[in-house]
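Here is how the chains run, residue by residue.
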Amino acid sequence: MKRLCLIGLAGLLPLAFSAPASAQELKIGLASEPTSMDPHFHNLGPNNAMRRHIFEGLVAQDAEQKVQPELAASWRALDDTTWEFKLRPGVKFSNGIEFSAKDVIYTICRVPTVENSPSSFTFAVRNFTSVEAPDPQTVVIKTGTPLPLVPNNLATIGILSAQANGGENVKYRAGGCEGLGTPPKSADFNDPAKAIGTGPYKLANYTRGTSIILERNESYRGRAPHWAKVTFRPMSSQGARVAGLLAGDVDFIENPPIQDFERIKNAGFQIAEGLSNRIIYIHLDQFQDPNWKTPGVKGTDKNPFLDKRVREAVSKAINRQAIVDRIMGGHAKAAGELLPYPLFGATKDFPIEKYDPEAAKKLLAEAGYPNGFEVTLGSPNDRYINDEKIAQAVAQMLTRVGIKTNVDAMTASTFFTRRNKFEFSMYLAGWGADSGEMSNSMNSLVVTLQPDKGLGPTNRGRYSNKRVDELVVKAMATVDDAARERLLQEASKLAMSDYGIIPLHFEVTPWAFKKGLSYRPRVDQYTLATEITQVGS
Amino acid sequence: MLVYLIRRLGQSLLVIAVMATLVFVAMFAVGDPVDILASPDADQRERDAIAKRLGLDRPLWEQFGLFVWRALHGDLGRSFVYNVPAVDVILQRLPATLELALTGLVFSIAIGIPLGVLAGLKPYSRLGRGIMSGSILGFSLPNFWIGLMLILLFAVELRLLPAGGRGPVVSVLGIPTAAFSLEGLKHLILPALTLALYKSALVIRIAQAGTREVMLQDYIRFARAKGLSRQRIIFVHVLKNIMIPVVTVLGLELGSMIAFAVVTETVFAYPGMGKLLIDSINRLDRPVIVAYLMMTVVIFVIINLIVDLLYAAIDPRVRLAEAKG
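Protein chains in written order, with the working numbering: chain A, 1 to 537; chain B, 538 to 862.
Because the hints were derived from the structure by calculation, they are not lab data. Be a bit skeptical, because a hint or two may be false.
[Stated by the list, open to error] With a Cα cut of at most 30 Å, we get these calculated DSSO-like pairs of lysine-lysine:
(1) A:142 with A:66
(2) A:466 with A:354
(3) A:293 with A:362
(4) A:514 with B:723
(5) B:589 with A:194
(6) A:362 with A:302
(7) B:659 with B:777
(8) A:333 with A:362
(9) A:348 with A:474
(10) A:362 with A:298
(11) A:194 with A:229
(12) A:466 with A:293
(13) A:404 with A:361
(14) A:92 with A:66
(15) A:453 with A:308
(16) A:389 with A:404
(17) A:421 with A:404
(18) A:171 with B:589
(19) A:66 with A:361
(20) A:229 with B:723
(21) B:659 with A:265
(22) B:589 with A:453
(23) A:515 with B:723
(24) A:361 with A:389
(25) A:421 with B:589
(26) A:185 with B:589
(27) A:66 with A:86
Here the structure is a predicted model, which is why all the values come from computation and not from measurement.
Build the full structure now, drawing on both the sequences and the hints.
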């Protein structure tokens, strides 16, 4: 109330210290800063979210990660390996140049040329055998093998202007384009004059570590965005972010900590939260090589997790709802599979494992461990919401049914390095499905790890099930959406009933902002200024 | 003086070399940057490509050799995360940090010396005792807590000052700075005060002890007997004589304010070098961490050198000894 009075007074009195903000200006506190303004430099959430303000893609993912038209008005698969995109006519870049199919080809050619990319976008344009423009409003892409995710993948690629970068005569060639000219360097895009896209905003100023300022692109093709100027400020520490919001330094922040929700609401601010595409899961070492001794298991010579009954016992011993209610404060959703409904490939009302410690004990006894065994649960302690606390809770629950569990929690950089060297028999981690559909989760976490084929890259439990592999691999080459979804649903059901991986819960992403704003939560956790709306004024 | 300088420089170079080796090898042991940098769904091919691009596929000795070779040519490597020279990333943050450290220094002198001298002049008065016990608070309260309380009071409740960040930057003599505008100064006050509180407590104690000692010296009695005014005695004879320990301590503390204002910068989301260090450690941006620590060593060495030169300026005895030796 006191604050409301102060706000009221600010309008009447020329208070020396209150800088009146224009109604058209929005200040956002980011939890992590984009590492570059180059749309193709670093495939990372904060970069991709920022990119969408300035550089549009052919297509874009909506709040539920469904692919929607953006620069392409429509698209279709002509056959299993040919995609046709029909472009919107009359679109202009922010410097006035007309957008055409040439720009799409240029962009696809430029992506693999980015130097020193710490995480490249080449995955999205890999395996294209030809990219052609039969007319300026049409792009036809042919792929070597059937790739149903071509539209999803292209949604991550911001389109550059060929002309602005000196690539008017570009010709696509697999393995290296012709006429690309000198593609721009990543650092070039930090200069507003070079960051030319078709998006609703233009870059006005970028000072690394301090702020990113965007201005409305007056020649934007669609409805002009509400905010004339948007300032993004990196505020990586949670406390600083919340204080900045409460003090009125910023209007909108990402990821307020759960324990501050009450305070934020009591101070007259609002919180929006929505399901994310991130699953928190437990992986169990199931490597079948006879010479492999699983690390950290004591009390038995065998690897107990190779026995399905033990995996089932682990799953039944965990009270997911209790974790959601007590540790996550209700801000999470218990999970039965790896992707939440309504995302593509998830099943509506997928059953969630019931908490049943008695059944778990019985299963352990049947499997030959009436007295249980001892195991170490690896976990990061600064990567996911309450990650270490969740690991502690899981350890207690498992200990209760006889699997004596010690938690080894560590900082993320150490954890992932050790995890990737298979140093844990059991580990807790999270997975965000960037593409927003099930083949991403299944292939990354459940399909047998085969580095040479690019399969199962994050299946560090080394679960392996031939039937699941077949289904997922088949799905990844099935262009027909309905058929692919059925295959993925079946694969997921099979993997879950085999307890190849133990899903715990989906994270919920919160945003906090001042009264009078509203935000529709996004599954991909992006903060898009274009979708922050003003209500009631 | 020249010999002394050369000797000091030689020592400094050795320190820098040892530091480089320690830091580089330690960073190598911490974790694999590819695990943090790569998109989680990157397959092995992509991960290998990243390692190759960043030169991480080579053995340790080769990476170290390359690092040393380049460092000798003035190149401390490119940031993995930003793909610009690591030194540029750090130098870009330097003005912000210098602003903060110097403002903090000014605060700690402005608070510390008057209070310390006052307490030293009247050690047994209520005021003197009050100042000394107050300074204990300055020592013992943790930095981040002070910062949070200041934010709560001045930013959230009173709304007088911003809760964090840096003010609008303008270019003065080619240096981008925020310290010459009202808005910029307002952003500086709280973090600088947070930084200064501990240092000013330190200064109070040193100044108090120094004043008590100096007041008993013969030359003060002599000055009194000569009939000099109290003001002249305090401002000329006392102040000058207590400055040496104060300058030593502040010099070293300035170094740590520049290099390790990590906590303050984090609490205030202040885009300085300390914040950069923390962010870089979290992202395993090795070149930036290594370059940062190397620059820190260099800064400390330089400050120590300046402090030594300042001694000579303040104390003629030092000057004479150096001239002889």
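Comparing the hints with the structure gives:
1. A:142 with A:66: holds (23 Å)
2. A:466 with A:354: Holds: residue 466 (chain A) and residue 354 (chain A) sit about 27 Å apart, inside 30 Å.
3. A:293 with A:362: Roughly 26 Å between the alpha carbons, so the hint for residue 293 (chain A) and residue 362 (chain A) holds.
4. A:514 with B:723: Holds: residue 514 (chain A) and residue 723 (chain B) sit about 23 Å apart, inside 30 Å.
5. B:589 with A:194: holds (29 Å)
6. A:362 with A:302: holds (19 Å)
7. B:659 with B:777: It holds: about 19 Å lies between the C-alpha atoms, which stays within 30 Å.
8. A:333 with A:362: Distance ~28 Å between residue 333 (chain A) and residue 362 (chain A) Cα, so the pair holds.
9. A:348 with A:474: holds (22 Å)
10. A:362 with A:298: holds (20 Å)
11. A:194 with A:229: Given pair residue 194 (chain A), residue 229 (chain A) holds - Cα atoms ~19 Å apart, limit 30 Å.
12. A:466 with A:293: holds (23 Å)
13. A:404 with A:361: Since the Cα atoms of residue 404 (chain A) and residue 361 (chain A) sit roughly 13 Å apart, the hinted pair holds (cutoff 30 Å).
14. A:92 with A:66: Holds, because 25 Å separates the two Cα atoms, which is no more than 30 Å.
15. A:453 with A:308: holds (27 Å)
16. A:389 with A:404: Since the Cα atoms of residue 389 (chain A) and residue 404 (chain A) sit roughly 17 Å apart, the hinted pair holds (cutoff 30 Å).
17. A:421 with A:404: holds (23 Å)
18. A:171 with B:589: Holds - the C-alpha atoms of residue 589 (chain B) and residue 171 (chain A) are around 28 Å apart, at most 30 Å.
19. A:66 with A:361: Violated. Residue 66 (chain A) to residue 361 (chain A) sits at ~42 Å, over the 30 Å cutoff.
20. A:229 with B:723: holds (23 Å)
21. B:659 with A:265: violated (51 Å)
22. B:589 with A:453: holds (19 Å)
23. A:515 with B:723: holds (26 Å)
24. A:361 with A:389: holds (24 Å)
25. A:421 with B:589: Cα-Cα ~19 Å, so holds.
26. A:185 with B:589: holds (19 Å)
27. A:66 with A:86: holds (18 Å)
In the structure shown, a violation is registered for the earlier hints numbered 19, 21, in ascending order.
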